[in-house]
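Asks: Here's the letter readout for the chains.
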Amino acid sequence: MGADIFAWLVQDGITNGAIYALLALALLLVFTVTRVIFVPQGELITFAALSLAMLESGRVPGTVYILVFGGLAAAAIEAVVALREHRLRRLPRIAMLYVALPLAVAAAVWWAAPRRPDQWVQVLLVLAMVVPLGPIMYRIAYQPLASASVLVLFIVSMAVHYVLTGLSLVFFGGEGLRSSAFSDAKFRLGVVDVTAQSLWVVLASLVIIVALWLLFERSIYGKALRATAINRVGARLVGIPTVLTGHLSFLLAAFIGAVSGILIAPITTLYYDTGFLIGLKGFVGAILGGMASYPLAVAGALALGLLEAYASFWSSAFKETIVFAIIIPPLIWLSLRSRHVEQEEEE
Amino acid sequence: MIPSRVALMLFAAFIVAAPLFLSAYQVALMNYIGLATLISLGLVLLTGVAGVMSFGQQVFAGLAAYTTAVLTTKYAASPWLGLVLGLLLVAAVALFLGAITLRLSGHYLPISTIAWGIAIYFMFGNMELLGKHTGLPDLPPISLGGARLDSGPRIYYLIWAFALVLLVAAANLLDSRSGRAIRALRFRAVMAESFGVDTARLKTIVFLYAALFAGLSGWLYAHFLRFVSPSAFNVNAGIDYLFMAVIGGASHVWGALIGASILVVLKEWLKDVLPTSFGASGNYEIVLFGVLMLLLLQRASTGLAPVLARWTIAPRRRAFVASSAGLPKREVVAAGNPLLEIQNVSKRFGGLVAVRDLSFSMRSGEILGLIGPNGAGKSTMFNLITGVLPADGGTISFQDERIDGMAPSRIARLGLARTFQHVNLVGGMSVLENVAIGAHLRGRHGTLRAMLRAERTEEARLLAEAARQIERVGLAGHVHDAAGSLPLGKQRLVEIARALSADPILLLLDEPAAGLRYAEKQALAALLRRLRAEGMSILLVEHDMEFVMGLVERLVVMDFGEKLAEGPPAQIQAHPAVMEAYLGGVA
Chain C
8 MGADIFAWLV QDGITNGAIY ALLALALLLV FTVTRVIFVP QGELITFAAL
58 SLAMLESGRV PGTVYILVFG GLAAAAIEAV VALREHRLRR LPRIAMLYVA
108 LPLAVAAAVW WAAPRRPDQW VQVLLVLAMV VPLGPIMYRI AYQPLASASV
158 LVLFIVSMAV HYVLTGLSLV FFGGEGLRSS AFSDAKFRLG VVDVTAQSLW
208 VVLASLVIIV ALWLLFERSI YGKALRATAI NRVGARLVGI PTVLTGHLSF
258 LLAAFIGAVS GILIAPITTL YYDTGFLIGL KGFVGAILGG MASYPLAVAG
308 ALALGLLEAY ASFWSSAFKE TIVFAIIIPP LIWLSLRSRH VEQEEEE
Chain E
25 MIPSRVALML FAAFIVAAPL FLSAYQVALM NYIGLATLIS LGLVLLTGVA
75 GVMSFGQQVF AGLAAYTTAV LTTKYAASPW LGLVLGLLLV AAVALFLGAI
125 TLRLSGHYLP ISTIAWGIAI YFMFGNMELL GKHTGLPDLP PISLGGARLD
175 SGPRIYYLIW AFALVLLVAA ANLLDSRSGR AIRALRFRAV MAESFGVDTA
225 RLKTIVFLYA ALFAGLSGWL YAHFLRFVSP SAFNVNAGID YLFMAVIGGA
275 SHVWGALIGA SILVVLKEWL KDVLPTSFGA SGNYEIVLFG VLMLLLLQRA
325 STGLAPVLAR WTIAPRRRAF VASSAGLPKR EVVAAGNPLL EIQNVSKRFG
375 GLVAVRDLSF SMRSGEILGL IGPNGAGKST MFNLITGVLP ADGGTISFQD
425 ERIDGMAPSR IARLGLARTF QHVNLVGGMS VLENVAIGAH LRGRHGTLRA
475 MLRAERTEEA RLLAEAARQI ERVGLAGHVH DAAGSLPLGK QRLVEIARAL
525 SADPILLLLD EPAAGLRYAE KQALAALLRR LRAEGMSILL VEHDMEFVMG
575 LVERLVVMDF GEKLAEGPPA QIQAHPAVME AYLGGVA
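In order, the protein sequences belong to chains C and E. Per the working numbering, residue 8 is the first one in the first sequence, and the count goes up by one each step. Per the working numbering, residue 25 is the first one in the second sequence, and the count goes up by one each step.
It should be emphasised that the hints constitute simulated quantities derived from the structure, not laboratory data. Among the clues, some could well be false.
Cβ pair distances, simulated, as ranges [to be verified]:
1. E:R334 / C:F223: 44 to 54 Å
2. E:G360 / C:K230: 56 to 66 Å
3. C:L284 / E:A100: 31 to 41 Å
4. C:H93 / E:M33: 51 to 61 Å
5. E:W293 / C:A153: 24 to 34 Å
6. E:A42 / C:V87: 57 to 67 Å
7. E:W335 / C:H93: 27 to 37 Å
8. E:A116 / C:L284: 24 to 34 Å
9. C:L110 / E:S509: 48 to 58 Å
10. C:L213 / E:W335: 56 to 66 Å
Residues of chain E placed beyond 10 Å of chain C at every Cβ, according to the derived structure [as the list claims (entries may be wrong)]:
11. D162
12. E309
13. E355
14. P397
15. E425
16. A500
17. M573
Fair warning: this is a prediction, and the values are worked out from it, not measured in the lab. All residues carry an ideal CB built from backbone N, CA and C; glycine is no exception.
Chain C on its own, in the form it takes in the complex (with noise of 0.2 Å):
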């Protein structure tokens, strides 16, 4: 292998790298404060992705349907429960976030679709249709069953992510999508053209994780966030709802999946169910990490990447089984290490 091929092997590595990176943290923020492992974050990268390829196309992306009926699902919910409660002052506010909200955001991509506005108003455009079905999906399909077990989330999970495959298939067909690169320019560095796209994408992760770090650090939610991840029933005590924190954690979740699925848009052609496999990828990042430590995973996310630049290189028929075998060596030397007996926490 030339130094050419390997300095463009470690810039789609890294590139990809950075997107599971992304991935990896969101995924570890859902799963530390929910107990949810958020196997539909796949899809949201999906949405992202392919309503970025029909925004520019000057289409309607079908995301409006699934953010204004989602939308008025978890609104009959709330309200359901609010008239149960007899609390009917929440009625106005549920109606503001749940139903005028979405409309506001499907009129405004209605209004722009045709006009094919410039390409940072389409991103703007995506966030806004993606991010709020993370605590819209919290709402409908985790609330109700906020305390079950790690197993019965988990099958919620696949259950939504049914749904919203489903959905992809039917909204985006079956036909792949890819957007246009934010910028065509390259850089000489050394032997090798560094694309901006790539530069895009590195930097954006680097900005996220470093906004992340410091909601985590500096801010009262993100310090709610935190006190509940190490201890559910003690943040609980004292006064941070479950509700609050979970629709939190998915609203991050969710703009982390909108993000990185604008970025990877133009790197990759992106089918309807792309997602899923691209969001599994964060999760093994994740536990190359240990799946406890934010730092740790971005390493692992990084180091996976790489390792599927190369694998695609040297046999691209088995990359997916070495990407994913991969996890084997960790598990492993964590196995070794770990000696204590486990045991959930309660029944």
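Given the coordinates of chain C, work out where chain E should sit on it, guided by the hints.
Replies: Chain E only, in chain C's frame:
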């Protein structure tokens, strides 16, 4: 309400008669249900009962299916050889994967099972030998006693014979010595370990069974369809099997059957109905399927089996023969010999020193009290002695044998039994079954005999012993009650009965009198004195001074992880440092 035996007979009769009135298509559907039942039955044991989540069962089915496919199509081997070698391969892979994942905490497992599921799926799809993505066609049918099982209705009886036998075997297993240990794995692993259950080994065994069930299903599948391709063994298939177990009721053996029936039928039905009503443009069935699953989970998150069982099956009480011959007992250790020796033991949790340089010793036949204010490190000391926590420094010896660094299950073998400060009973099990866990090490028959019901004599003895100990602590009226339904004070007595069933040399009691009423405390004190008279040694952590002072010969007082004082009760009561610690300074 019908008794469970009758329900089983009725179901078996239905299975035997079904092909007589079902269409060929419906029989094929029944075959799929039987095949799925086998896999989700493994998941009920593994995930629902033992708490080990796996999305990788289709891998084992695939390994067995491909093994038999390659052997029978390329080497013209008999399908039965394919079964044997397939199951051997499955067992080898399961032991390897189990070894690297089962010791890890909960969240690694589901993801790593998905990961290996994907890895092996792509391997199936890319290997020349396995026919790549198109798969391997033209498998021969299974021959059984001269009959060629070459059509759906013919292989039907083989599939369902396996399914029924294994359903009953799994139910037998859960209702046995090993079964009680398996049922404790999920929420009470520390407790099970403290009574001698090698939890890591037991998890591996359950994992192996689940893998073999899946392998069997894969073999049957390959010779039923007579064709294998990777698509039947993709990750979604693995997820579906777990769906089945959860929907059916993951902690009930029959939940596997219920879940498999519902999922297989629902998926077929949705495939048939939806395209005609919505047009064939998208795959709406998967959307509707997901929505139905969500609704079902939100309505009944424990699955359907418990709900159905409540309506139809009469609850069964575990019978036991009180007059059953006793279990062998340990030799009584002569009083006055060195028993427990603790030297310079320390334990830190991050920056907090829970136990600092603590030393004390105990002789056999003694009741030693370990007292101290809240947070003094008493319970940590208990966990260090029993091996639940590893010590950071110092040595612990029991009867002149070093036990620090040993696994709790090995320490239990030496004759230590304990109770827990936070009651550690298996909620869904009766008092009798909970207490019988204590006698785990006094039985020896394993999972295979339990499945075949070939351990009933020993089982009767274990239960009789448990019943005796329950009577001894004064709970004879509660033998069949669910352990979780008792008030806290009585649950503590159940803990003591469980520890006594282990026939220990040294009994460690962590706050046994908390939550008891005056008369109950008197009775407990009398019981402990009687035990001492019989030659048992007791280490007692307690807050109730009146209770402790009247009972023990010696006291060790701890404060902030250090030993404050040691001596007979009268001396301790007058000790200035002790009064300082308890009363905040001598006035």
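Asks: Compare the structure with each hint and give your call.
Replies: Hint-by-hint comparison with the structure:
Taken as a hint, the range 44 to 54 Å holds for the pair E:R334 and C:F223, whose Cβ atoms sit roughly 46 Å apart. Between E:G360 and C:K230 the C-beta distance comes to about 57 Å, which sits within the given range of 56 to 66 Å. Hint check: C:L284 to E:A100, Cβ distance near 38 Å, so the stated range 31 to 41 Å holds. A C-beta distance of roughly 52 Å is found between C:H93 and E:M33, which places it inside the suggested range of 51 to 61 Å.
Between E:W293 and C:A153 the beta carbon distance is about 31 Å. The supplied range of 24 to 34 Å therefore holds. A hinted range of 57 to 67 Å is violated for the C-beta pair E:A42 and C:V87, which are about 43 Å apart. The beta-carbon spacing between E:W335 and C:H93, approximately 34 Å, falls within the hinted interval of 27 to 37 Å. For E:A116 and C:L284, the Cβ-Cβ distance of about 28 Å falls inside the hinted range of 24 to 34 Å, so the restraint holds.
Between C:L110 and E:S509 the C-beta distance comes to about 51 Å, which sits within the given range of 48 to 58 Å. About 58 Å separates the C-beta atoms of C:L213 and E:W335, a value consistent with the hinted range of 56 to 66 Å. Remark: the non-interface label on E:D162 is consistent with the geometry, its nearest Cβ contact in chain C lying 25 Å away (cut-off 10 Å). Chain C draws E:E309 into its interface by the beta-carbon criterion, the shortest separation being 8 Å against a cut-off of 10 Å.
Consistency note on E:E355: stated as away from chain C, and its beta-carbon is indeed over 10 Å from all of that chain's, at 30 Å minimum. Under the 10 Å C-beta cut-off, the non-interface status given to E:P397 relative to chain C holds; the minimum distance is some 22 Å. With a cut of 10 Å on Cβ distances, E:E425 stays outside the contact zone with chain C, its closest approach being about 20 Å. For E:A500, the shortest C-beta to C-beta distance to chain C comes to about 26 Å, beyond the 10 Å cut-off, and the non-interface label holds.
Every CB of chain C lies more than 10 Å from the CB of E:M573, the least distance being 35 Å, so the non-interface label holds.
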